[in-house]
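All chains should be built: construct the whole structure from the sequences, respecting the hints.
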Amino acid sequence: MNTPAVAGQRGRSGTMSVRKIYPVLEMSCAACAVSVESMLKNTPGVTDAGVNYANQQAWVEYDPKTVTQQGLQNAVRSIGYDLVIDAENPQEMQAEAQQRHYESLKKRTIGAALLSVPLMVIGMLFMNMPYANEIMLLLSAPVVFGLGRSFFVNAWKQARHGQTNMDTLVALSTGIAFFFSAFNTVFPEFWHQRGIHPHVYFETAAVIITFILLGKLLEERAKSNTSSAIKKLMGLQPKTVRVVENDVESEIPVASVRVGQVIVVRPGEKIPVDGLVVAGTSFVDESMISGEPVPVEKKPDQRIFAGTINQKGSFRFRAEKVGADTVLAQIIRMVQEAQGSKAPVQKLVDRIAGIFVPVVIGIAVLTFVVWLLVGGENAFAQALLTSVTVLVIACPCALGLATPTAIMVGVGKGADNQILIKDAESLELGHQVSAVVLDKTGTITAGKPAVTNLEWQETGAEQQATVLYALESQSEHPLATAVVDYLATLSVKSQPLASFESLTGRGVEGRFEGIRYVVGNRRLLDERGIPVSPAVEQRVKQWQQEARTVVYFANDKTVLALIAIADPIKETSRAAIQTLKNRGIAVYMLTGDNPQTAGAVAKAVGLTDFRAEVMPSDKADFVKELQNRGEVVAMVGDGINDSQALAQADVSIAMGKGSDIAMDVARMTLITSDLGRIPKALELSHRTVQVIRQNLFWAFIYNLIGIPIAAGILYPFNGFLLNPMIAGAAMALSSVSVVSNSLRLRGTKL
Numbered sequence: 091m092n093t094p095a096v097a098g099q100r101g102r103s104g105t106m107s108v109r110k111i112y113p114v115l116e117m118s119c120a121a122c123a124v125s126v127e128s129m130l131k132n133t134p135g136v137t138d139a140g141v142n143y144a145n146q147q148a149w150v151e152y153d154p155k156t157v158t159q160q161g162l163q164n165a166v167r168s169i170g171y172d173l174v175i176d177a178e179n180p181q182e183m184q185a186e187a188q189q190r191h192y193e194s195l196k197k198r199t200i201g202a203a204l205l206s207v208p209l210m211v212i213g214m215l216f217m218n219m220p221y222a223n224e225i226m227l228l229l230s231a232p233v234v235f236g237l238g239r240s241f242f243v244n245a246w247k248q249a250r251h252g253q254t255n256m257d258t259l260v261a262l263s264t265g266i267a268f269f270f271s272a273f274n275t276v277f278p279e280f281w282h283q284r285g286i287h288p289h290v291y292f293e294t295a296a297v298i299i300t301f302i303l304l305g306k307l308l309e310e311r312a313k314s315n316t317s318s319a320i321k322k323l324m325g326l327q328p329k330t331v332r333v334v335e336n337d338v339e340s341e342i343p344v345a346s347v348r349v350g351q352v353i354v355v356r357p358g359e360k361i362p363v364d365g366l367v368v369a370g371t372s373f374v375d376e377s378m379i380s381g382e383p384v385p386v387e388k389k390p391d392q393r394i395f396a397g398t399i400n401q402k403g404s405f406r407f408r409a410e411k412v413g414a415d416t417v418l419a420q421i422i423r424m425v426q427e428a429q430g431s432k433a434p435v436q437k438l439v440d441r442i443a444g445i446f447v448p449v450v451i452g453i454a455v456l457t458f459v460v461w462l463l464v465g466g467e468n469a470f471a472q473a474l475l476t477s478v479t480v481l482v483i484a485c486p487c488a489l490g491l492a493t494p495t496a497i498m499v500g501v502g503k504g505a506d507n508q509i510l511i512k513d514a515e516s517l518e519l520g521h522q523v524s525a526v527v528l529d530k531t532g533t534i535t536a537g538k539p540a541v542t543n544l545e546w547q548e549t550g551a552e553q554q555a556t557v558l559y560a561l562e563s564q565s566e567h568p569l570a571t572a573v574v575d576y577l578a579t580l581s582v583k584s585q586p587l588a589s590f591e592s593l594t595g596r597g598v599e600g601r602f603e604g605i606r607y608v609v610g611n612r613r614l615l616d617e618r619g620i621p622v623s624p625a626v627e628q629r630v631k632q633w634q635q636e637a638r639t640v641v642y643f644a645n646d647k648t649v650l651a652l653i654a655i656a657d658p659i660k661e662t663s664r665a666a667i668q669t670l671k672n673r674g675i676a677v678y679m680l681t682g683d684n685p686q687t688a689g690a691v692a693k694a695v696g697l698t699d700f701r702a703e704v705m706p707s708d709k710a711d712f713v714k715e716l717q718n719r720g721e722v723v724a725m726v727g728d729g730i731n732d733s734q735a736l737a738q739a740d741v742s743i744a745m746g747k748g749s750d751i752a753m754d755v756a757r758m759t760l761i762t763s764d765l766g767r768i769p770k771a772l773e774l775s776h777r778t779v780q781v782i783r784q785n786l787f788w789a790f791i792y793n794l795i796g797i798p799i800a801a802g803i804l805y806p807f808n809g810f811l812l813n814p815m816i817a818g819a820a821m822a823l824s825s826v827s828v829v830s831n832s833l834r835l836r837g838t839k840l
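When we follow our numbering, the leftmost residue of the sequence shown carries the number 91, and every step to the right adds one.
Don't take each hint at face value.
[What the hints assert, rightly or not] Quick list of in silico lysine-lysine cross-link-like pairs, DSSO-like style, CA-CA up to 27 Å:
{"hint": "1", "residue 1": "Lys-631", "residue 2": "Lys-647"}
{"hint": "2", "residue 1": "Lys-671", "residue 2": "Lys-660"}
{"hint": "3", "residue 1": "Lys-360", "residue 2": "Lys-389"}
{"hint": "4", "residue 1": "Lys-660", "residue 2": "Lys-693"}
{"hint": "5", "residue 1": "Lys-538", "residue 2": "Lys-631"}
{"hint": "6", "residue 1": "Lys-660", "residue 2": "Lys-770"}
{"hint": "7", "residue 1": "Lys-839", "residue 2": "Lys-671"}
{"hint": "8", "residue 1": "Lys-389", "residue 2": "Lys-329"}
{"hint": "9", "residue 1": "Lys-389", "residue 2": "Lys-411"}
{"hint": "10", "residue 1": "Lys-660", "residue 2": "Lys-538"}
{"hint": "11", "residue 1": "Lys-110", "residue 2": "Lys-329"}
{"hint": "12", "residue 1": "Lys-110", "residue 2": "Lys-411"}
{"hint": "13", "residue 1": "Lys-631", "residue 2": "Lys-693"}
{"hint": "14", "residue 1": "Lys-631", "residue 2": "Lys-671"}
{"hint": "15", "residue 1": "Lys-503", "residue 2": "Lys-196"}
In case anyone wonders, no lab produced these hints; they're calculated from the structure. Nothing here was measured: the structure is a model prediction, and the numbers come from that model.
Structure follows, in structure tokens:
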């Protein structure tokens, strides 16, 4: 399936334009996304564009008469990145590229760590051994300029466009530390002649590279799954279909299907496009659209949708919507666009670094100039030492660790509490959630129809349970499975029937020992002339008001039993919802089910605000509506039909027993499917964000205090100049404090 496009839009200049989504390769930070977006926006013929670093995609609205896709690709390539165009499956190509990058990053991180360990041992314990500096130079060079080469390359890319980011600071600090140390190793007499011991900082440069590589690895690990949801959605559509023309069946690619063609669907097959049934009957699993677990009966003149799954029957239908017009294609496009609107995980840190880097460089330069002017005999030596000390103490190691370490511990704490968290963004936003939107089926309820009541209406009728079991075990109706499962728990055995017949849309009937028995709805009883007493009618009415489906079991003369079937509410749902409400969070329920059932479930769990009979797009629109009101929205769901709303929400949470696609789209997954974990997830977010803020504070407080001291601000008062080695120790201490603070999350009680 090609990347979806919306044709016929009118751009800002008034020209007709198209809008397409393209995977972007080679981006390594949020500033890279800014560069790609800026280049696309400034390309002639492009009316608007946006680039998302988190899912590595760009959307471009352009005039195809002015610029081609190749032109867009060339523009992006000119600044060192790439755009995937004209690929059979661009998302798959992007996923493969991301996986290759992740594996490469993993190897570089491991390699850097292996080389950094002996460097630290020599630098801390054996710095006076023979040739210690030369050995450290040989060990650190591959780390800094080999395994850490990407930092220097990316810093250069940003510099070409007049921008700075974390890579700039990493490249600058490690480069200065390495070359200064190399100079001291090769020309130690330069400092000896001036009465100064030539210190080296090879281990500092290598450890900085290792830690930052680890942070990048964690980030890539979180991003590596963003394309799998789209891939699985696309997998819902079959590759080929069977069409009927002049009573002859032929197989063609799904991309070749035209509106009006008649398509044959056999048992177990996926529906290829949207259409209208013209012949045959069957039950179709539409849970991806409605979220409801019970397959829907399809007869002539009823609509079917692409991606839904046919059950046991066979039918023919006429194609009405194909390609990008199907409901499935719209879900895919909306998931892509909603994911693309999200901010990058490291946006805050990159923004801070964008300000921090120029300031630190400016301070280092100013320090060097001032010392040249007032330093006296050793002006140059002191100017160089103090400026390097400024750069060393301003190392971004603590800043780079502030978020990843807190996230690592927070994610681990979540896993201990059956909460799987995929990225930092969810933890950063979770504590701000002001509205929670819950899907009904599979989220508030168990998601599986079950017998809630079996009441025998005649004395001794219980002996006919074996006949009921025999009839339902041969039925193809989805509700029959619930009855069979219930009877199996009562150790009921089956009986051989003399005859059996399935009656579409009504139920089943069969004969046992010369007596006819039926299981089905009221319509079947009326057709067979079986009387229904007022007491039975009253009981049926009561159950229906409680949103239960009623199945009749009768013989030729009377109703033998009533069976109530419902999707049971999870035991923890009401308490979890009450906890959220007690915290001042508004809770809403959305479902594709009918208003009567929705109302009964909402009442049972203490909810007053719910929406029934909603389509997938309606759920996403409702989330948007809440967001437009200024709410920070958490969406909780379990089905494919929830994927659009999950992608649109600020915080998305999937139930662990739900669909793979819902779990891929959502950034959090509750392993136990227990709603009681939602308040805990939000509390974990609150605690984690506290730690991140504390980490950033400590990362900066060292710089706010240390940089002026490193620049020599105390020298006029007491003659104190900070030794670069002490500056390195202060930098290391800031990292230790950040890591230690993050580890406190392990003891947090949720």
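Now for the hints, and whether the structure bears them out:
1. For the given pair, Lys-631 sits about 22 Å from Lys-647 by alpha-carbon distance, which is consistent with the 27 Å threshold.
2. Between Lys-671 and Lys-660 the CA atoms are separated by roughly 18 Å; this keeps the pair inside 27 Å, and the hint holds.
3. Distance restraint check for Lys-360 and Lys-389: the Cα-Cα separation of roughly 17 Å lies within the 27 Å cut-off, and the hinted pair is therefore satisfied.
4. Annotation: proposed proximity of Lys-660 to Lys-693 holds, straight-line Cα distance about 14 Å (limit 27 Å).
5. Annotation: proposed proximity of Lys-538 to Lys-631 holds, straight-line Cα distance about 23 Å (limit 27 Å).
6. Distance restraint check for Lys-660 and Lys-770: the Cα-Cα separation of roughly 17 Å lies within the 27 Å cut-off, and the hinted pair is therefore satisfied.
7. Distance check on the hinted pair: Lys-839 and Lys-671 sit about 21 Å apart at the alpha-carbon level, within 27 Å; holds.
8. In summary, the hint linking Lys-389 to Lys-329 is supported, as the alpha carbons are separated by about 25 Å, within the 27 Å threshold.
9. As the CA atoms of Lys-389 and Lys-411 are separated by approximately 19 Å, the hinted pair is consistent with the 27 Å bound.
10. Proximity of Lys-660 to Lys-538 is assessed by CA-CA distance (about 11 Å); at most 27 Å being required, the pair is judged to hold.
11. Taking the CA atoms of Lys-110 and Lys-329, the gap is about 23 Å. The hint holds against a cut of 27 Å.
12. The hinted pair formed by Lys-110 and Lys-411 meets the criterion: a straight-line CA distance of about 20 Å does not exceed 27 Å.
13. For the given pair, Lys-631 sits about 18 Å from Lys-693 by alpha-carbon distance, which is consistent with the 27 Å threshold.
14. Taken as a hint, the Lys-631 and Lys-671 pair is broken in the structure, with Cα atoms around 33 Å apart against an allowance of 27 Å.
15. Pair hint Lys-503 plus Lys-196 holds up; C-alpha atoms about 24 Å apart against a cutoff of 27 Å.
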